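Chains as they are written, first to last, in my numbering: chain E, -12 to 282; chain Y, -12 to 282; chain W, -12 to 282; chain R, -12 to 282.
Hints in this document: simulated from the structure, not taken from any laboratory. Please read these numbers as outputs of a predicted model, since none were measured by experiment. Take the hints with a grain of salt, since some may be wrong.
Identical copies go unnamed one by one, so any copy, or any two together, can satisfy a pair.
Stated by the list, open to error - In silico DSS-like cross-links for lysine-lysine, where the CA-CA straight-line distance does not exceed 27 Å: (1) K159 <-> K81; (2) K241 <-> K70; (3) K112 <-> K18; (4) K81 <-> K110; (5) K152 <-> K65; (6) K110 <-> K18; (7) K152 <-> K70; (8) K238 <-> K262; (9) K241 <-> K67; (10) K67 <-> K238; (11) K41 <-> K110; (12) K70 <-> K262; (13) K159 <-> K67; (14) K81 <-> K41.
Single-letter residue listing:
4 protein chains.
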Amino acid sequence: MNYRTDLAIERKEMLDEDGKMPNLTEGIIMKKIDYGDDITVTRIEITDPIGEVKMEKPMGNYITIEAEGILEEADGIKDKVEKVVAQELKELIKFHYYLNVLVAGLGNPMVTPDALGPSTASKIKVTNHLFELFRADGDDEMSRVSCIMPGVTATTGMETAEIIKKTSELVKPEVIIVIDSLAARNIERVSTTIQITDTGISPGAGMGNNRTGINEETMGIKVIAIGVPTVIDATTIIRDALIENIESIEKVEKYIEEYDRQMIVTSTDIDMLIKDFSDIIANGINKTLHPGIYS
Amino acid sequence: MNYRTDLAIERKEMLDEDGKMPNLTEGIIMKKIDYGDDITVTRIEITDPIGEVKMEKPMGNYITIEAEGILEEADGIKDKVEKVVAQELKELIKFHYYLNVLVAGLGNPMVTPDALGPSTASKIKVTNHLFELFRADGDDEMSRVSCIMPGVTATTGMETAEIIKKTSELVKPEVIIVIDSLAARNIERVSTTIQITDTGISPGAGMGNNRTGINEETMGIKVIAIGVPTVIDATTIIRDALIENIESIEKVEKYIEEYDRQMIVTSTDIDMLIKDFSDIIANGINKTLHPGIYS
Amino acid sequence: MNYRTDLAIERKEMLDEDGKMPNLTEGIIMKKIDYGDDITVTRIEITDPIGEVKMEKPMGNYITIEAEGILEEADGIKDKVEKVVAQELKELIKFHYYLNVLVAGLGNPMVTPDALGPSTASKIKVTNHLFELFRADGDDEMSRVSCIMPGVTATTGMETAEIIKKTSELVKPEVIIVIDSLAARNIERVSTTIQITDTGISPGAGMGNNRTGINEETMGIKVIAIGVPTVIDATTIIRDALIENIESIEKVEKYIEEYDRQMIVTSTDIDMLIKDFSDIIANGINKTLHPGIYS
Amino acid sequence: MNYRTDLAIERKEMLDEDGKMPNLTEGIIMKKIDYGDDITVTRIEITDPIGEVKMEKPMGNYITIEAEGILEEADGIKDKVEKVVAQELKELIKFHYYLNVLVAGLGNPMVTPDALGPSTASKIKVTNHLFELFRADGDDEMSRVSCIMPGVTATTGMETAEIIKKTSELVKPEVIIVIDSLAARNIERVSTTIQITDTGISPGAGMGNNRTGINEETMGIKVIAIGVPTVIDATTIIRDALIENIESIEKVEKYIEEYDRQMIVTSTDIDMLIKDFSDIIANGINKTLHPGIYS
């Protein structure tokens, strides 16, 4: 059953359901960390091509942060999750005197469930021009950070991956951080989950805006992607309904295959979700890149 | 089969499919007008309680404007549809020297598929303060127009109907025009259809923000509602899928009944749709209310 | 010299400059509090009509919070100022089980220097509908809060004061909190100062949108106004220039008096200012009204 | 007297006031065209280095479109001005089967008087991806159009000129159209004037965001700039005031020179201005680039 999801943790759950994974240790390493306060982190590493095939995702690290109560603004929960984001991100990006980073907020700011990237990008502390101004080659307290909102192909006419690559030529970063909306299988994931990965953005992820991947292979440098599920594919809720009511899996899959509507399913409080999660991710990034300013 | 739709024309289509309507003339009058240029208008009048029960909609007039090619920006199509909106609206609101109108743009401006109302309202030519300033009791070229964006209960804490009623007490209009996003059954309707009705807004229409109706009964004066389908209920696409694959209608309806996710289905180019349709409706209203300025 | 300012502290400074105030204790009481971390609070009380005439402001309390480094995002400064806002606000609004508050975000969200009110309002935790839903008469942890963005007369056609009064009839609050952009005399004030007052909003304050005051007299209940200077009157920078270059004050004042351009002066980083100060004020209000949730 | 202005027509007016221009024909050619309906077009050509020095602007063509009544939405005025924009633009950009254009909307969308560029860009019909999709090498009805909103250095950390140049490498356009807010000397110009020039954007124009020029020299291809004055420099209104009141020009200039506030002066209805002028310019561009669609 080929549910669409951009989350490694959901792909892993599907494998477990299917019982397709006889040997857990072959190609996939998984570790859970309890941060307390209803915050859990699951680190999944896909270590070889067998893991890739099983997980239908490229080799690399996938960190899933799960937290309850963010939209309800439970006491201090946003502060706590920000700190976890920073802590996990620091494992992938080590701050040093010369650290130079390009942040790219993907998606269409005019379509609410696709606005996570631009909304987060607008809250990033950008410093590249200050380094230029003061002719500084580095700093002990903050990184050299540039930021771009490349828009979507429907409004730019261009491939997002190509715009980022060209921008990257300008500022020559050591690492690119891309932020994007993701698609989940399970509606419960929307508003509780953040995924951080060093494998970048896969083609067709999220709202399906990008045809080309944004990763180390296409960019030529390390790409860290941070995403939050904001949409569910229409075929996901249809498949769920069919499976519960029809015995023939083949019949279900045939119907899904022929289903060709370009539609997205999202929650009605998506505006709050985008606001809260862009705050959390931007603050997590700011703490990671500018440890002397945001402590 | 109880598909959710805010469009009278779709309810009528479902009746026809079901063959439930033995006598067309009883309670429902329907008339099609061809405006040329791929623009069709269907006027449906529900004339008595039998029609109400059949159509599951209150008695009154429902005008459906259907046009092809709006998102593709076919040559001059927006101008043409604007004129049809004005022409049909003029049947319901007659301009005169003392005409005093309150326009209310319903919905959440921060959630794209719900932003039709606020987006349209922001393009309305507002004049009430000018009449106050010049102490004019009326005008031959323009109406006295006030405008409000009442927001949604989740962000105001209040019922939208009550905010509009209170505002209406301030400016004492002869008629209220409310603009809102609607829910359709058929995805094809999204981006091709405008509905104008003198029955106002039903409770739970569109994104389901409002619990109370906004109509002549609750407001005490005539209420014209203008809407565009921007969302499909999640249960609609599920029901469609189940019906095609399961024989037992009862089983389908039972599944739907128990389905309790608060989700909306919309198209990925919803930003363009909101922009184009708010232009069209605002211009149609401006032409109707200010015939001496917008000709 | 009649500089335009909405800040009591600037009016007091002008009095001191002019030496017009022979007896400090008559009608005006002033007290400075050092909160540390470069945060100063000045509490001014105008106690009688003599103070009113001197200060050209109505009797009541004016609390000025001054802080350095907010736009530069100095470490933790926003958190600290939020706490001071909450602490001072709690002196004016005492939380209790039945506390019922209407928050009104004044100004035009589409004009950046006027967007403080709507921007803050969008970050307020609104609860009135939850109290309705659960039929609660009060709560130990949170207040009953409603929220409105009444817009500006140019886009609504109505007086803002009247919209707020009508809305207030709906929810019957104990106190109204209005947030608005203010005009300062001194450009340095922009981005460093917050004023809290129990005298409400004066006619013509800020961008000059409102002709009617929003205060206890017009609303019938207590009105707390929170403002941040975001604009300088064009005549202020002109007067400053003339005074430094011309001896005759009369000539200066005559020129200013005849100057009739409708213009505003603001800073080029006004977008950051609105973002940061709306965060601070919204969090300060949330802490005050919902002490069990935001601690 | 060195008033700041980005408008060639104002520079010419200042020359005329000063009487500095003994020989009109030397280096500057000017021609007025009356389009009727209160629309005037002035074409200024700076033909040699003497003209450059006199006008303090680079050699090239400057087309100024002046129209009354746009904000008042006088009957049909927007349609008429759109047509004039298209007509003048067609003199600079000839449509042909292979025409390939990059449109860049400069400025900060979050600061209203700086939002002309992004606001216009969002209304441009973008087609580059369609040409890619259908592997078309050209078209008889529409051009190949890409579009970018490069943001401002304060939020990207990068020079806008460099971002545009890199993007231009991607799509290899024949011409770049840049849209930007401009600074005028005379407040009357705000809301009545559009300037089109083939000399691009000068460093420090408009809100002063860009240090590098965006023109044929820096981009390597033809650059057409379209601008509308939305701000007045603070020193302009101060200088006006001082000159009227002080005899010594030297004293005035000394004061201005030492004035170092980063402030902008704009009108209070700037939101309407941005909306109307971005509509007009976008439609003018669409008519020019896609003659088969927008006639």
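Quick rundown of the hints versus the structure:
In the homo-oligomer, the alpha carbons of K159 and K81 lie at most 27 Å apart inside one protomer (17 Å), although the nearest pairing across protomers, at 38 Å, exceeds that limit. Taking CA atoms no more than 27 Å apart as the test, K241 paired with K70 passes in neither setting, with 45 Å inside one copy and 45 Å between copies. In this homomeric assembly, K112 and K18 never come within 27 Å of each other (Cα to Cα): the closest approach is 32 Å inside a single copy and 37 Å across copies. In this assembly of identical chains, K81 and K110 lie within 27 Å of each other by CA distance solely inside one copy; the values are 21 Å within and 34 Å between copies.
With identical chains, the CA atoms of K152 and K65 are never at most 27 Å apart, being 32 Å at best within one copy and 35 Å at best between copies. For the homomeric pair K110 and K18, neither the shortest alpha-carbon distance inside one copy (31 Å) nor that between copies (37 Å) is at most 27 Å. In the homo-oligomer, the alpha carbons of K152 and K70 never lie at most 27 Å apart, since the shortest distance is 30 Å inside one protomer and 38 Å across protomers. Taking the closest pair of Cα atoms, K238 and K262 never come within 27 Å of each other, the shortest separation being 40 Å inside a single copy and 40 Å across copies.
In the homo-oligomer, the alpha carbons of K241 and K67 never lie at most 27 Å apart, since the shortest distance is 45 Å inside one protomer and 42 Å across protomers. Taking identical chains as interchangeable, the C-alpha atoms of K67 and K238 are never at most 27 Å apart, the minima being 46 Å within one chain and 45 Å between chains. Taking the shortest Cα distances, K41 and K110 never come within 27 Å of each other, neither inside one copy (37 Å) nor across copies (43 Å). Taking CA atoms no more than 27 Å apart as the test, K70 paired with K262 passes in both settings, with 17 Å inside one copy and 22 Å between copies.
Proximity of K159 to K67 under the C-alpha cut-off of 27 Å is found in neither arrangement, the shortest distances being 33 Å within a copy and 37 Å between copies. Taking identical chains as interchangeable, the C-alpha atoms of K81 and K41 are never at most 27 Å apart, the minima being 30 Å within one chain and 55 Å between chains.
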